[in-house]
Structure formats: structure tokens, C-alpha cells
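Take the sequences, apply the hints, and build the full model.
If you read the sequences in order, they're chains B and Z.
According to this note's numbering, the first sequence is numbered sequentially starting from 1.
According to this note's numbering, the second sequence is numbered sequentially starting from 1.
The set of hints was computed from the structure by calculation and includes no laboratory data.
Treat the hints with caution; some may be incorrect.
Said to hold, decoys possible - Below 25 Å or equal to it, Euclidean Cα-Cα: the simulated BS3-like pairs (lysine-lysine) are:
| hint | chain 1 | residue 1 | chain 2 | residue 2 |
| --- | --- | --- | --- | --- |
| 1 | Z | Lys262 | B | Lys2 |
| 2 | B | Lys2 | Z | Lys553 |
| 3 | Z | Lys636 | B | Lys6 |
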Amino acid sequence: MKTFIKIFKIIVFIIAIFIIGYLIYSWYYKGDVINV
Amino acid sequence: MFKFFKRNKFQIVSILIILVLSALLLIYFHPVFKSFYNTLKFNFNSLVKKDFVYTKKEYYFNDKIVFNYDNFDGFKDRFNIYIDNIFNKNYFKSYIEFILLELLELLLNIFNLILLIIPFIILIKVYINLHITKENNDYDKDSMYFKNFKKYIYHPYLKVKNKIIDYINWLENHKYNIYILITILIFIFNGFSLVIDLIRGYFFLFSVPDVSVWFNWFYNIIMDVSPFICYFNYKLIFLLILLFLLVRYKIALKRRKNGERKNVEYLEKQSIVDFYTGSMGTFKTATITDMTLSYNVIFKNKALELLSNNMNKFKDFSFINFENDLKEKIKNHQIYNLATIDDYIKNKRLIFESNQIKDNCYNYDFERYGLYYNDRLNIYYLWDMLLNYAKEYFIYVMSSSMLISNYSIREDLIKKDKGNFILIDDDLFNRKLKDRKENSRYSHILDYDMLRIGRKIIKDNINENIYEFGILSLTEIGKERGNKFDLAGQKKNDEITNQTNDLFNHWLKLCRHTATIENYPFCKVLMDDQRAMSLGADVRDLAEVIKINKSIKNKCYMPFYFEKGLFHWMNKKLNELMIDYRYYRGDNTMFYFLIKNINALIYRHILNVENEFNYHLIVFNKYDISDNIDIKENFKYHLSFKKIFASRYATDCYNDYFKPLKLKSSIGLNDLSSYEKVYATTDEFHKQNSYFINELERLGKNDFIPVDKDNKKKKE
Chain B
1 MKTFIKIFKI IVFIIAIFII GYLIYSWYYK GDVINV
Chain Z
1 MFKFFKRNKF QIVSILIILV LSALLLIYFH PVFKSFYNTL KFNFNSLVKK DFVYTKKEYY
61 FNDKIVFNYD NFDGFKDRFN IYIDNIFNKN YFKSYIEFIL LELLELLLNI FNLILLIIPF
121 IILIKVYINL HITKENNDYD KDSMYFKNFK KYIYHPYLKV KNKIIDYINW LENHKYNIYI
181 LITILIFIFN GFSLVIDLIR GYFFLFSVPD VSVWFNWFYN IIMDVSPFIC YFNYKLIFLL
241 ILLFLLVRYK IALKRRKNGE RKNVEYLEKQ SIVDFYTGSM GTFKTATITD MTLSYNVIFK
301 NKALELLSNN MNKFKDFSFI NFENDLKEKI KNHQIYNLAT IDDYIKNKRL IFESNQIKDN
361 CYNYDFERYG LYYNDRLNIY YLWDMLLNYA KEYFIYVMSS SMLISNYSIR EDLIKKDKGN
421 FILIDDDLFN RKLKDRKENS RYSHILDYDM LRIGRKIIKD NINENIYEFG ILSLTEIGKE
481 RGNKFDLAGQ KKNDEITNQT NDLFNHWLKL CRHTATIENY PFCKVLMDDQ RAMSLGADVR
541 DLAEVIKINK SIKNKCYMPF YFEKGLFHWM NKKLNELMID YRYYRGDNTM FYFLIKNINA
601 LIYRHILNVE NEFNYHLIVF NKYDISDNID IKENFKYHLS FKKIFASRYA TDCYNDYFKP
661 LKLKSSIGLN DLSSYEKVYA TTDEFHKQNS YFINELERLG KNDFIPVDKD NKKKKE
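This is the structure we're talking about:
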């Protein structure tokens with residue numbers, strides 16, 4: 001159970017960093033975006 | 001003149017630092033004056049005009065954060081586009097692409113770095129091996145490089161370091177210098193403007209429900225902090241690391257406090273007598289010692305709570321007069337226990353009742369404020385309250401320890417007295433090591449005669465009636481009291497005092513009676529032994545038997561302590577290297593000096609963190625003796641290193657008892673004879689003085705001897 005919680009915490013941490021990264025990226029990225 | 005400089009050298013250094021900083025301020029940060037003036041003017045004008053419109057003010061710094069959208073409409077448009085971008089799947093795709101590419105690049109870089117480092121590591125390893133294995137016996141001789149290094153760099157460095165440490169110590173006692181320095185630094189980095197803008201924001205802004213005004217305010221705040229950010233730039237990463245370390249430290253402090261809070265919550269629920277059992281090395285004695293210290297704090301806090309309640313009951317009574325009188329009587333040894341307090345207050349009460357004047361009642365205007373208090377349960381008479389108050393006050397302020405134990409325990413509750421009400425500092429973690437000697441007190445020596453209602457070992461023992469209240473900590477109680485097998489043959493009518501006629505058990509059953517004040521018993525008995533059955537059933541059934549199941553060792557309160565593994569590994573490797581060096585060589589070289597210092601630093605860091613924030617988690621559950629089962633309710637007790645392992649007690653508390661016996665011995669382990677080979681000889685077996693070997697010898701000589709014959713032989 002404890003190992004599961006630890007792994008779960010790490011996964012949540014990685015996803016959080018991924019989402020924060022995306023939010024920052026979409027603010028600054030000014031490349032060509034094809035509107036579909 | 002020279003003497004004056006020498007005497008005030010640190011003050012002069014402080015003034016110089018302040019002057020240099022002020023000069024820097026003038027040279028590099030002169031716009032700060034203009035900005036500060038502008039902020040004052042801006043805010044003052046809007047205050048006078050009662051103007052809620054918040055616009056951007058002017059800034060005079062060349063370096064400032066560039067804001068692409070300096071009005072709210074522009075920002076709004078950009079934000080709308082941003083929201084669209086977030087939900088644009090092409091953006092998401094390109095983000096994934098970006099992440100993957102970055103990761104790939106990172107991996108390649110790491111791979112390159114490893115390739116680059118490997119030859120260097122091999123070279124360093126070869127060098128170290130060659131250097132270390134140059135055998136010599138030049139005891140404590142410095143190599144040429146190291147000699148020069150010591151002379152020209154290391155010793156001057158130590159000199160400067162010591163001066164700086166002296167200066168820091170001086171600053172601790174002259175803190176105004178630090179405050180001046182901090183004020184100047186805050187001013188340099190536009191801190192005062194920031195504070196004014198924040199205050200203005202707090203009072204005015206949130207009453208204006210206009211987002212564009214908030215945007216302007218936010219813009220101004222960002223501009224206020226921009227000199228700080230622009231000046232430090234990439235160096236901010238170091239500040240962030242410092243901030244991270246600080247936050248980590250603060251969280252650890254909070255967690256440690258929480259651990260102690262949970263301990264206290266558990267202890268407050270427990271009954272009067274607790275008996276902790278567990279096998280050797282499960283921290284039984286450490287646990288009961290830790291609990292003893294916590295109970296000391298609990299009792300002091302409970303006494304304070306009861307004192308406050310009594311103060312609320314008779315709020316107009318001048319308690320300070322009463323306390324001063326008590327203090328004097330305690331000092332004169334007229335009051336030295338609860339019974340003498342009883343007598344003293346009764347006497348005072350009689351004097352008052354025979355002559356009802358203010359002076360006989362500590363200058364209390366009883367005619368105006370009354371002598372009775374109704375708490376919806378009982379009606380309290382002033383003198384009954386005073387009796388309780390005096391007892392609680394005695395317990396709260398008593399100068400010696402409340403602990404009584406059969407081993408020594410150090411406690412350090414600090415009494416803070418400014419001549420009025422005495423306060424007890426009960427934070428056992430917040431103690432300065434250098435003040436330990438003056439703050440420490442040791443537990444009282446337990447005279448078992450004071451726990452015996454019946455026969456005593458020493459007739460008319462002066463200590464026999466001392467115990468009224470307090471915390472008793474009895475380690476290895478089974479060895480003292482024994483169980484029914486140990487006590488077989490002992491009788492109540494025996495001439496000699498023994499466990500059956502000393503009525504210790506009766507005392508244990510009645511111990512709370514002398515210690516109860518306002519229905520709260522200021523008495524606690526903590527005992528430990530390896531087996532519950534080692535203790536006689538009468539005492540055992542009185543106590544709550546708690547079995548320590550396991551101890552989870554070396555947990556740490558500090559979060560994100562990820563350097564732990566690396567530092568322990570490095571410490572181990574460097575230790576091995578140093579021992580290797582010392583095996584081959586006896587001289588001192590630069591290499592040895594470096595390794596020694598790096599290792600010392602790493603070790604210091606490990607100690608700094610782990611001695612401060614490590615703890616053992618003791619898991620125990622209640623043990624039902626009659627059914628011989630554990631009640632499955634796990635309790636977790638935190639044994640914080642900082643509290644329990646700070647010279648609180650000695651695990652080898654019987655050491656000094658055995659020392660004289662060991663001194664009598666004329667030989668040591670080196671002189672004890674050893675076996676000659678793997679198969680022991682008969683002579684060697686004889687030297688064991690073993691029952692088993694003797695039995696073997698006896699049986700071997702007589703071949704097979706039937707039992708009755710053997711008995712016959714014995715009779716002969």
C-alpha cells in the first residue's frame with residue numbers, strides 16, 4: 001500500500017510538471033500553428 | 001587611541017560596512033530615491049483626492065522587467081489568445097514534440113558528459129591509488145606542498161574565519177547593527193516603495209471591483225520588485241536554493257512539533273500506571289524516558305490551565321499578593337509539600353474568618369467582589385479556591401524536578417521569572433547547547449521506601465513519606481518486584497522486609513489520592529520490563545500493559561532530504577579512502593588534507609540534519625494479559641533524537657555499579673586463554689565450568705547409570 005501511494009505521488013508530480021510546462025509553453029510559443 | 005580602536009573594533013567594522021553599503025546605494029541605486037519619492041507622492045495624492053483610479057506610476061530604473069502589455073485591454077486580448085492556444089491540439093502536439101526533443105537532447109548531453117568524465121575518473125583513481133600506496137612511516141610529517149599551503153593559505157584563512165566568527169558572535173549581542181544593514185538593503189532594492197504599494201493595495205484596491213485597476217496595481221508591484229530581480233538576474237537561482245533549504249527546514253520543524261503533539265495526545269488519554277514491555281533493543285527505556293519528559297510538560301501545562309481557571313473564577317482577587325506570599329513561604333521552607341500548603345491555607349482561613357478585614361485576605365475587597373463563585377455545579381468559597389490555587393502554583397513553579405526514577409534523567413524546563421507571574425518554557429527542542437549545564441536538572445533518586453506503606457527496609461526512613469505527586473519512572477521493574485515464582489517462600493509475617501509485606505501494591509492502588517487537585521491526578525507511574533509476566537499479577541493488572549511490537553528506526557522529519565543517500569555513500573567511500581591512506585602512510589599531504597576536510601563537511605551536514613530531525617517510530621499496542629492477546633490498535637510514538645538522545649539518560653545506567661567489580665579483576669580479555677584448534681580438547685572443555693560438560697563427564701565415567709542407582713549413590 002505504501003509503495004503504491006509513493007508511486008502514485010510520483011506520477012501525480014510528473015503529470016503536474018507536465019501540465020505546468022504546457023501552460024508556460026502555450027504562453028510563450030509563437031511558432032506556426034495550423035488552425036484546423 | 002590604539003586601545004580605543006582595539007576595544008571597539010567590531011563596532012568600527014560595522015560602521016564601515018554600513019558606510020560602504022550606503023556609498024554603494026548612492027552610486028548604483030540612486031534612482032531608488034526618485035522612485036521612493038514618486039511612490040510617496042503618487043499614493044499621498046490619491047489618498048488626499050480620495051481617488052480610487054489606480055494608474056501606473058513612473059519608474060526611474062534603467063533596468064526593469066519589460067512588460068509587453070502595459071494596459072489591461074492588451075493583456076486581455078493576449079490572455080484570450082492564450083486560452084485558445086491551450087485548447088488547440090496543434091499546440092499540444094508541438095509541446096509533446098518539444099518535450100521529446102528536449103529529453104533526447106538532455107539524454108545525449110548526459111551521455112556525452114559521461115563519455116567525457118570516464119577517462120578523468122580512471123585517471124583520478126589511478127592517481128589516488130598510486131598516491132595512497134606510497135608506503136612510509138614519516139609520522140605526522142607534512143609534505144612540502146602541504147607545508148607551504150598551511151603556512152600561506154590555511155592558517156591565514158583560519159585566522160580570518162575566527163575573526164568573522166567573533167564578529168558574528170558580537171553581532172548576536174548587538175543586533176541593531178543587523179537591523180540597520182537589513183534596512184539599508186531593503187531600501188536599496190526598492191523595498192520601501194513595495195511596502196507602501198502593498199499597504200495601499202490592501203486598504204484601497206480590494207474595495208474597487210475593477211480588474212483594470214488591479215492590473216495597474218499588479219504592474220506597479222512588478223515594477224517595484226524589478227530592481228531586485230534585474231540586479232540578481234541568474235543569481236536568483238542561488239537565492240531560490242536558499243529559500244528551498246529554508247522552507248525544507250521550517251517544514252521539518254513543524255513536523256517535529258506535530259510528532260510531539262501526537263505523542264502528547266496519546267499520553268493524555270493514558271491512565272495512571274503504564275507498563276511497557278518489549279524485547280531488548282526496542283527502545284523501552286528510551287520510550288518511557290521520553291514519555292516522562294512529556295508528562296512533565298503536560299503536568300506543568302495542566303497546572304497552568306487550572307491556575308488560569310481559578311483566576312477567572314475570582315477575577316478581582318489580587319493573585320500577585322497571594323503568589324508573593326507563597327513564594328516567600330516556599331523560600332523559607334515553611335511550605336515544602338501539598339500537606340503543608342493545606343495547613344498553611346487553613347490557618348490563613350481561620351485568621352480571616354475570625355477577623356474579616358482586607359489585610360487578612362491579601363488586600364481583596366471581598367465585600368465588593370464577593371467570597372463565593374457559582375459554576376453551575378458547585379458554589380466555591382474563596383478559601384477553597386485559594387487552597388487549590390496554592391497547590392497548583394506549588395506544582396507549577398517548583399524549582400526542582402517533578403521526576404523520580406531509579407535511573408538518572410536530565411530535564412530542562414526553563415523557569416522565566418521577571419518578578420511577577422512565573423512562566424515555564426516547555427519547548428524541549430528549542431534549547432541552546434551552551435546553556436545546557438545551567439538549564440538542566442536531574443530526576444530525584446527514588447527511595448523505594450517511600451513507595452512502601454507497610455514494612456520499610458530502613459526503619460524511620462527520612463524519605464518514607466515524601467511522595468505526594470510526581471512522575472515515577474521505573475525501569476526493569478520485574479527485577480525489583482518479581483513475580484510469584486520469584487517470591488515463592490516469602491511470607492507476610494517475615495521479619496525482613498520483602499515484596500509481600502512492604503505493601504507496595506497497596507500504595508500503587510492509592511497513589512493518585514495524594515496527587516489529585518481539582519479532580520486531576522498529578523501522578524504518573526511508568527514502568528518497563530522485557531516480559532509482562534516478570535511482574536507479579538497484582539501490580540501487572542493495575543497497569544495498562546503495552547507491548548512494543550517494533551521500532552522503525554532513523555526516519556526523518558525533513559522533507560526532500562534527497563542528498564541523504566549520496567552523502568552517506570560519499571561518507572562511507574571517503575572513510576574507506578582515509579583508512580587506506582592511514583594504513584599505508586604516516587605523513588600529511590595535500591590530498592589527505594582535502595579528503596579529510598571534504599569528509600568532515602559531509603559528516604557535519606549529515607549530523608546537522610539527522611541529529612536535529614531524525615526519529616524512531618515506536619509501534620506498540622495494548623496487551624490483554626488475561627486473554628494473552630494483543631489488542632489490534634496500533635499506536636505510533638515518535639522518539640525524536642533531538643529530545644531523547646540529548647544526554648537525557650544513559651542506556652548503560654548500571655555501568656558505574658559494575659565498574660569497581662571489573663577493576664578488581666587482574667586480567668582482561670587479552671589474557672583469557674583461547675582454543676588451540678577447531679576441535680576443543682578435554683582440558684579446554686574443563687575450563688568452561690559448564691553444567692552440561694560436568695554432566696557429560698559424570699555420565700561418561702559411569703557408562704549408563706539407572707536413576708535409582710544414581711540416587712543411592714548420592715545418598716551414600
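These are the hints, each one checked on the structure:
1. Z:Lys262 / B:Lys2: Since the Cα atoms of Lys262 (chain Z) and Lys2 (chain B) sit roughly 21 Å apart, the hinted pair holds (cutoff 25 Å).
2. B:Lys2 / Z:Lys553: holds (17 Å)
3. Z:Lys636 / B:Lys6: Answer holds: Lys636 (chain Z) to Lys6 (chain B) is near 20 Å, not above 25 Å.
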